[in-house]
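Chains as they are written, first to last, in the working numbering: chain L, 1 to 105; chain H, 106 to 330.
Accuracy of the hints is not assured; some may be wrong.
To be verified - In silico SDA-like cross-links for lysine to any residue, where the CA-CA straight-line distance does not exceed 20 Å:
| no. | chain 1 | residue 1 | chain 2 | residue 2 |
| --- | --- | --- | --- | --- |
| 1 | H | K218 | H | L311 |
| 2 | H | K162 | L | Y97 |
| 3 | L | K68 | L | P78 |
| 4 | H | K218 | L | Y15 |
| 5 | H | K220 | H | I284 |
| 6 | L | K68 | H | L140 |
| 7 | L | K72 | H | Y312 |
| 8 | H | K139 | L | Y97 |
| 9 | H | K295 | H | E176 |
| 10 | L | K68 | H | I144 |
These are calculated hints, taken from the structure and not from any lab test.
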Amino acid sequence: MSQSSDQQQHPISLYLKIWGLLFVLSTLSYLVDYYQLEGILRWTLILVFMFLKAGLIIGIFMHVSWEKYSVKLLLFIPPIAVLIFIALMAIEADYTYLNRLTFSK
Amino acid sequence: MANDDKHSKQTSSWQSAVADWSADKETFNMPWGKLMMWIFLLSDTFIFSIFLTSYMKVRMTTTVEWPSSSEVFALTIAGNHIPLVLIAIMTFILITSSGTMAMAVNFAYKGDKSKTFYLMIITAVLGASFVGMQAFEWTKLIVDEGIRPWGNPMGAAQFGSIFFMITGFHGLHVSCGVIYLAIVANKVRKGDYDKKGFHIVEITGLYWHFVDLVWVFIFAFFYLW
Numbered sequence: 001m002s003q004s005s006d007q008q009q010h011p012i013s014l015y016l017k018i019w020g021l022l023f024v025l026s027t028l029s030y031l032v033d034y035y036q037l038e039g040i041l042r043w044t045l046i047l048v049f050m051f052l053k054a055g056l057i058i059g060i061f062m063h064v065s066w067e068k069y070s071v072k073l074l075l076f077i078p079p080i081a082v083l084i085f086i087a088l089m090a091i092e093a094d095y096t097y098l099n100r101l102t103f104s105k
Numbered sequence: 106m107a108n109d110d111k112h113s114k115q116t117s118s119w120q121s122a123v124a125d126w127s128a129d130k131e132t133f134n135m136p137w138g139k140l141m142m143w144i145f146l147l148s149d150t151f152i153f154s155i156f157l158t159s160y161m162k163v164r165m166t167t168t169v170e171w172p173s174s175s176e177v178f179a180l181t182i183a184g185n186h187i188p189l190v191l192i193a194i195m196t197f198i199l200i201t202s203s204g205t206m207a208m209a210v211n212f213a214y215k216g217d218k219s220k221t222f223y224l225m226i227i228t229a230v231l232g233a234s235f236v237g238m239q240a241f242e243w244t245k246l247i248v249d250e251g252i253r254p255w256g257n258p259m260g261a262a263q264f265g266s267i268f269f270m271i272t273g274f275h276g277l278h279v280s281c282g283v284i285y286l287a288i289v290a291n292k293v294r295k296g297d298y299d300k301k302g303f304h305i306v307e308i309t310g311l312y313w314h315f316v317d318l319v320w321v322f323i324f325a326f327f328y329l330w
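Just chain L, with the same shape it has in the complex (with noise of 0.2 Å):
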């Protein structure tokens, strides 16, 4: 086993520079809320604070930008099947909820 591919070994200020983004970018979802933005806007802002942090989070602090190719596709396959999932379950729920609109009383 070859040690020095493993060994993540990143200068302190790499992850005090992304400690600080993600400060930032907590603070900018925390003022969506704040200032009660609505509609496509605050969903918008609200995804994209959220993937830039989960990528900041995997890719630098979880070291994934430096693993091996093998490594990523272990990683991203599975979540991209539950991505469907989830499509497919939010189609289910615009039907139970159109059902329960007609039929409930």
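Please build the complex by placing chain H on the supplied structure of chain L, with the hints as guidance.
Chain H only, in chain L's frame:
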């Protein structure tokens, strides 16, 4: 030219994956403990995804109005009504603990055992304070607001069951993480890993960052959405 570069890089990524899977060697070039942690975290991703998906489903299907999380989780501090303030503080604490954990991993690979120990203990203390705030939040919601797993005064009955299930399961992960961090930190201090190497600190870090990662999704979907 830029396109060519990109293309050649992609090809080599795929080629490296094919080589890893087809050649006569271990597919994943990492310590087995780290790979096992990744597989565990992947399975945990499934569980949290199922919880969040069921939350999406009950919220989309209910014909009763969903309680406004911004109002439910508001606190009145010194006469000022501030929405989501406790959640914001909890978010910042968890992010900070992720930062200290990342630095602990760095110092572990540099062989600085005392800095690793102290950074891991700081991480654990921040995690414990997160759980403490969650206990405060739950107490307030149960005692003052009357939220129960089977109903609440603000709207859809499903709100309570989903809230306690998701934040409870996340809180359990944080609590386990605090114990895990404390044990590993103590073993680092005692020198148990001097011969084996300090991969264990990175593995513990993966678990801790994952807990922070899950909170990012809970924060967005449950508290902000």
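Hints and how they fare:
1. The suggested pairing of K218(H) with L311(H) holds, with an alpha-carbon distance near 19 Å, which does not exceed 20 Å.
2. For the hint linking K162(H) to Y97(L), the alpha-carbon distance of about 10 Å falls within 20 Å, and the restraint holds.
3. Using a Cα cut-off of 20 Å, the hinted pair K68(L) and P78(L) holds, with the two alpha carbons roughly 17 Å apart.
4. Of the supplied pair hints, the one linking K218(H) and Y15(L) holds, its CA atoms being roughly 19 Å apart against a limit of 20 Å.
5. Straight-line distance between C-alpha atoms of K220(H) and I284(H) comes to about 19 Å, which keeps the hinted pair within the 20 Å bound.
6. As the CA atoms of K68(L) and L140(H) are separated by approximately 13 Å, the hinted pair is consistent with the 20 Å bound.
7. Of the pairs offered as hints, the one joining K72(L) and Y312(H) holds, with about 17 Å between alpha carbons and a cut-off of 20 Å not exceeded.
8. Between K139(H) and Y97(L) the CA atoms are separated by roughly 43 Å; this puts the pair beyond 20 Å, and the hint is violated.
9. Our distance criterion of 20 Å between C-alpha atoms is broken by K295(H) and E176(H), whose separation comes to about 48 Å.
10. With a C-alpha separation of about 16 Å, the suggested pair K68(L) and I144(H) falls inside the 20 Å cut-off, and the hint holds.
Of the hints listed earlier, those the structure fails to meet are numbers 8, 9, in rising order.
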